[in-house]
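Peer 1: Sequence:
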Amino acid sequence: MIEFKSAEEIARMAVTGQFVGELLAELSGVAAVGVNLMDLEHHARRRIAERGAESCYWDYAPSFGRGPFRNVLCLSVNDAVLHGLPHDYVLRDGDLLSIDMAVVIDGWAADSALSVVVGTPDPADLRLIEATEVALEAAIVAAQPGGRLGDISAAIGGVADSYGYPVNAEFGGHGIGRTMHEAPHVSNNGRARRGMKLEPGLTIAIEPWFCRSTDKIKFDADGWTIRSADGSRTAHSEHTVAITAAGPQVLTRRPAHGRTPADPASRSATAS
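Read in the UniProt record's numbering, the sequence shown has 108 at position 108, and its numbers run on one by one without any break.
It is possible that part of the hints are untrue.
[What the hints assert, rightly or not] With a straight-line cut-off of 25 angstroms between C-alpha atoms, the simulated DMTMM-like cross-links for lysine to aspartate or glutamate are:
{"id": "1", "residue 1": "Lys-218", "residue 2": "Glu-199"}
{"id": "2", "residue 1": "Lys-197", "residue 2": "Glu-182"}
{"id": "3", "residue 1": "Lys-216", "residue 2": "Asp-95"}
{"id": "4", "residue 1": "Lys-218", "residue 2": "Asp-106"}
{"id": "5", "residue 1": "Lys-197", "residue 2": "Glu-130"}
{"id": "6", "residue 1": "Lys-197", "residue 2": "Glu-137"}
{"id": "7", "residue 1": "Lys-216", "residue 2": "Asp-106"}
{"id": "8", "residue 1": "Lys-197", "residue 2": "Asp-95"}
{"id": "9", "residue 1": "Lys-197", "residue 2": "Asp-122"}
{"id": "10", "residue 1": "Lys-218", "residue 2": "Asp-59"}
{"id": "11", "residue 1": "Lys-197", "residue 2": "Asp-39"}
{"id": "12", "residue 1": "Lys-216", "residue 2": "Asp-161"}
{"id": "13", "residue 1": "Lys-218", "residue 2": "Asp-122"}
{"id": "14", "residue 1": "Lys-197", "residue 2": "Asp-230"}
[As the list claims (entries may be wrong)] Derived CB-CB ranges, DEER-like:
{"id": "15", "residue 1": "Pro-145", "residue 2": "Val-15", "range": "19 to 25 angstroms"}
{"id": "16", "residue 1": "Ala-7", "residue 2": "Tyr-89", "range": "24 to 30 angstroms"}
{"id": "17", "residue 1": "Gly-34", "residue 2": "Ala-221", "range": "39 to 45 angstroms"}
{"id": "18", "residue 1": "Asp-88", "residue 2": "Ala-245", "range": "47 to 53 angstroms"}
{"id": "19", "residue 1": "Arg-92", "residue 2": "Gly-67", "range": "26 to 32 angstroms"}
{"id": "20", "residue 1": "Met-1", "residue 2": "Ala-169", "range": "20 to 26 angstroms"}
{"id": "21", "residue 1": "Gly-67", "residue 2": "Gly-94", "range": "38 to 44 angstroms"}
{"id": "22", "residue 1": "Gly-247", "residue 2": "Asp-39", "range": "36 to 42 angstroms"}
{"id": "23", "residue 1": "Ala-61", "residue 2": "Asp-106", "range": "35 to 41 angstroms"}
{"id": "24", "residue 1": "Gly-107", "residue 2": "Gln-144", "range": "23 to 29 angstroms"}
{"id": "25", "residue 1": "Val-15", "residue 2": "Arg-45", "range": "19 to 25 angstroms"}
Simulated from the structure, these hints should not be mistaken for laboratory data. Backbone N, C-alpha and C define an ideal beta-carbon position, used for all residues, glycine too.
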């Protein structure tokens, strides 16, 4: 069942979204060569606790995965793209890191993700990240009231095709509101003018993710971390978006003054 939100409820989600965007920007600045993934995890735990928020990931137990997820971040490195389990790993020069987080504040959730390169960037990695960001923005533009869910999916798939990247449609975006995962599923590929009508009050997480050279995935032994089947690099971008009568409203925009994944110079910088 799809729950449409009132303007007041969307405003409350925007409060959560602002915190998520700010913390993601902060974490992307902390991520640097020599930083342990667990340092990022514990940094996020502290900030979430200080804000009085609750992680949507802690104790998350879907049909996949091995036991409940006992972390507040998904940290996916290089060929890992989704649900990366934080562990004792020190970031190396040139690593491509995807950070995904979702929290609830006062009963309303927001979910967002970004990808950055720490240290010396490989142009091919920057291009892959750029593709996910361009696809995300194209999908947001397509999320117009009166349109169709397939318009969003087709926008993502069209960008992937223009960059020459295959698309896996098994995992994608989703509805969001009182909980992290609600209906509908938002595929990363599809046909325009198909699917449910986009109506004001619909809130969704749009999350294009691409592997450089395959649309096949595999799971780590931990049951959580999803990797490209051929070991190629991956990237992931995500925003929580509300459909309003005036058009799409991005609820998880990150502050412009923070480290921006779209800026190649910022990707090669280490934290000061």
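Peer 1: For every hint, state whether the structure bears it out.
Peer 2: Hint-by-hint comparison with the structure:
{"no.": "1", "hint": "Lys-218 to Glu-199", "verdict": "35 angstroms, violated"}
{"no.": "2", "hint": "Lys-197 to Glu-182", "verdict": "16 angstroms, holds"}
{"no.": "3", "hint": "Lys-216 to Asp-95", "verdict": "21 angstroms, holds"}
{"no.": "4", "hint": "Lys-218 to Asp-106", "verdict": "36 angstroms, violated"}
{"no.": "5", "hint": "Lys-197 to Glu-130", "verdict": "29 angstroms, violated"}
{"no.": "6", "hint": "Lys-197 to Glu-137", "verdict": "20 angstroms, holds"}
{"no.": "7", "hint": "Lys-216 to Asp-106", "verdict": "38 angstroms, violated"}
{"no.": "8", "hint": "Lys-197 to Asp-95", "verdict": "40 angstroms, violated"}
{"no.": "9", "hint": "Lys-197 to Asp-122", "verdict": "40 angstroms, violated"}
{"no.": "10", "hint": "Lys-218 to Asp-59", "verdict": "23 angstroms, holds"}
{"no.": "11", "hint": "Lys-197 to Asp-39", "verdict": "43 angstroms, violated"}
{"no.": "12", "hint": "Lys-216 to Asp-161", "verdict": "16 angstroms, holds"}
{"no.": "13", "hint": "Lys-218 to Asp-122", "verdict": "24 angstroms, holds"}
{"no.": "14", "hint": "Lys-197 to Asp-230", "verdict": "37 angstroms, violated"}
{"no.": "15", "hint": "Pro-145 to Val-15: 19 to 25 angstroms", "verdict": "23 angstroms, holds"}
{"no.": "16", "hint": "Ala-7 to Tyr-89: 24 to 30 angstroms", "verdict": "43 angstroms, violated"}
{"no.": "17", "hint": "Gly-34 to Ala-221: 39 to 45 angstroms", "verdict": "26 angstroms, violated"}
{"no.": "18", "hint": "Asp-88 to Ala-245: 47 to 53 angstroms", "verdict": "49 angstroms, holds"}
{"no.": "19", "hint": "Arg-92 to Gly-67: 26 to 32 angstroms", "verdict": "28 angstroms, holds"}
{"no.": "20", "hint": "Met-1 to Ala-169: 20 to 26 angstroms", "verdict": "23 angstroms, holds"}
{"no.": "21", "hint": "Gly-67 to Gly-94: 38 to 44 angstroms", "verdict": "32 angstroms, violated"}
{"no.": "22", "hint": "Gly-247 to Asp-39: 36 to 42 angstroms", "verdict": "39 angstroms, holds"}
{"no.": "23", "hint": "Ala-61 to Asp-106: 35 to 41 angstroms", "verdict": "24 angstroms, violated"}
{"no.": "24", "hint": "Gly-107 to Gln-144: 23 to 29 angstroms", "verdict": "28 angstroms, holds"}
{"no.": "25", "hint": "Val-15 to Arg-45: 19 to 25 angstroms", "verdict": "20 angstroms, holds"}
When the structure is compared with the earlier hints, violations turn up for hints 1, 4, 5, 7, 8, 9, 11, 14, 16, 17, 21, 23 and for no others.
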